[in-house]
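Protein chains in written order, with UniProt numbering: chain A, 1 to 338; chain B, 1 to 338.
The hints are simulated quantities; they were obtained by calculation from the structure and are not laboratory data.
Check the hints yourself; a few may be wrong.
[What the hints assert, rightly or not] DEER-style ranges, computed between Cβ atoms:
(1) B:Leu22 - A:Val48: 54 to 62 Å
(2) A:Val48 - B:Val48: 36 to 44 Å
(3) A:Val104 - B:Gly186: 23 to 31 Å
For glycine and all other residues, C-beta sits at the position ideal for the given N, C-alpha and C.
Listed below are the residues making up each chain.
There are 2 protein chains.
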Amino acid sequence: MRGTVIYAPGDVRLEDRADPRLIVPTDAIIRISAACVCGSDLWDYRGVNPVTRPVPMGHEYVGVVEEVGSDVATIKPGQFVIGSFFASDNTCPNCRAGYQSSCVHRELVGGAQAEALRVPLADGTLVATPDLPAPELIPSLLTLSDVMGTGWFAAVAAQVKPGQTVAVVGDGAVGLLGVLAASRFGAERIIVMSRHETRQKLATEYGATDIVTERGDEGAARIKELTGGIGADAVLECVGTAESMRQAVASTRPGGYVGYVGVPHGVRLNGEELFFTHVGLHGGPAPVRRFLPELIDLVLKGDINPGKVFDLTLPLDQVAEGYRAMSERRAIKALLQP
Amino acid sequence: MRGTVIYAPGDVRLEDRADPRLIVPTDAIIRISAACVCGSDLWDYRGVNPVTRPVPMGHEYVGVVEEVGSDVATIKPGQFVIGSFFASDNTCPNCRAGYQSSCVHRELVGGAQAEALRVPLADGTLVATPDLPAPELIPSLLTLSDVMGTGWFAAVAAQVKPGQTVAVVGDGAVGLLGVLAASRFGAERIIVMSRHETRQKLATEYGATDIVTERGDEGAARIKELTGGIGADAVLECVGTAESMRQAVASTRPGGYVGYVGVPHGVRLNGEELFFTHVGLHGGPAPVRRFLPELIDLVLKGDINPGKVFDLTLPLDQVAEGYRAMSERRAIKALLQP
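Sequences and hints are given; from them, build the entire structure.
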């Protein structure tokens, strides 16, 4: 089969690889219907994370089950399934607490920008749709594998409640879907930080009421200004840099929470400073699996359309262009069709 | 009047000072019935915080109102009152959100280890008891001015819920009262980290079910061991050092919260490490004012007896011995009688 491999920063290739096969009896093999490029893939592509050997890329996927191991009980060949980037047994104490991405048996799923994929812990990881979905729903279902679930978790972790003022730091796909999540949670005012017209437009469509173009300390000052000097009730940090985290904390009112879902790079928090802000922090790799049943239902009913974040659709063999377009911010998010 | 002044680390003196007087019309003057030495006073006493000039000490107090300014409407001379170490207007957005210690008009109260005290923003800061309390209730009422409210906030910030397993880092008065709070909140199992027999005994009396004597990484490992490898649902960090904070985070299960109320000294958090723990953080200077009405009620009804943390009672002129005894850990907490 063909699959995507990164060799070095900027060097992503589609190449012939061995077909994935069942390794342990809890695995499943799925034929990928659609995959995509994640903002976190760009950490490698841009050389922020070191690339020391060729690595199969991709961790967002929807597809049709081809084969399951002998211990797989609920997932069946022929089903259309969605899974998270962390495989999880969905039965351990961390899973039962809703933190499947901290499952005691978790495994990172990798190599999804390909024609086929091995998914570990298939019963715990995958959720099947009732029927094969209409093709036009596939982009939205694909987002549930990571970005929509991650934006949703940001809003959960920030404890967004009806009537609140929410600020979103980051106008990538996760930030935009954080806007959508905050809107579904009943936020009255949603301030998105964005300088990009197409992203501002989609943010507005998803429920943003205010746009702030300033960044860093100026951005935080602008949010304070928009909130009577107090700060937003909840802030979604969807970037992961030292600057974005500082901005998120500085934009939050005392007693409010920052839900942070951008993988932190170089973020150091001064305990004493944080203490006197009274700002709470909660985040981490989103437990996407927790939200799959609810979000699949919302997509199938047409209540949410997170698939709009894909403003570029490419055949899998143009995967390198997908990375380039996202890295150059020409595209919000690239969908790949095997 | 006589009041306590720190001149240098280890050098605390009771001396004659000017009587406090009304400065602005929202002030009140109270005659101190009892004051005490706070664990945070020891940061100065031990030279961890620099002492660059003589500073009046003490921020925990109960007393009888002597005089109020012309703008004070609800607090009256003759009332027995309790207030927080942060004066607050109790009307600004932060106060209304329950974070009075981030009041937009907040002022630190200082100089309470004395015979009399000026309390700013009297209407917002002070809460009066219905009647003059029985003398035996005064120690418990005094704890509401800081330590009991702070332990209570630690449990609130850690989101302690009925049936949970809670760990408490720190066996000072705040940690012990954090145990009491967790117990009142319905925690099923309360693990306290302590090596001191008298403190262990009081912790047990307040509801601790397990005692861990290991510290740091070993302490966290022990908590993991006691919780099936997962960690406590909620952890109360009541110390404020880099080691205690690291231990608290490492003792918490994914999705659990650390409620941190020890003023952080040298605490630096690595964003990426925190991210992958899935541990939430919330804390800060306790908004004691929020809890005063409820806690006064519990003390007056005899439902809680936080005053037991005072295992040393001294006349005010022996204030220096109070500091020494606490610094040498001969006493949990020293009550001072003017």
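Cross-check of the supplied hints:
1. Between Leu22 of chain B and Val48 of chain A the C-beta distance comes to about 59 Å, which sits within the given range of 54 to 62 Å.
2. Checked against the given bound of 36 to 44 Å, the beta carbons of Val48 of chain A and Val48 of chain B, roughly 38 Å apart, stay inside it.
3. Separated by about 27 Å at the C-beta atoms, Val104 of chain A and Gly186 of chain B satisfy the suggested range of 23 to 31 Å.
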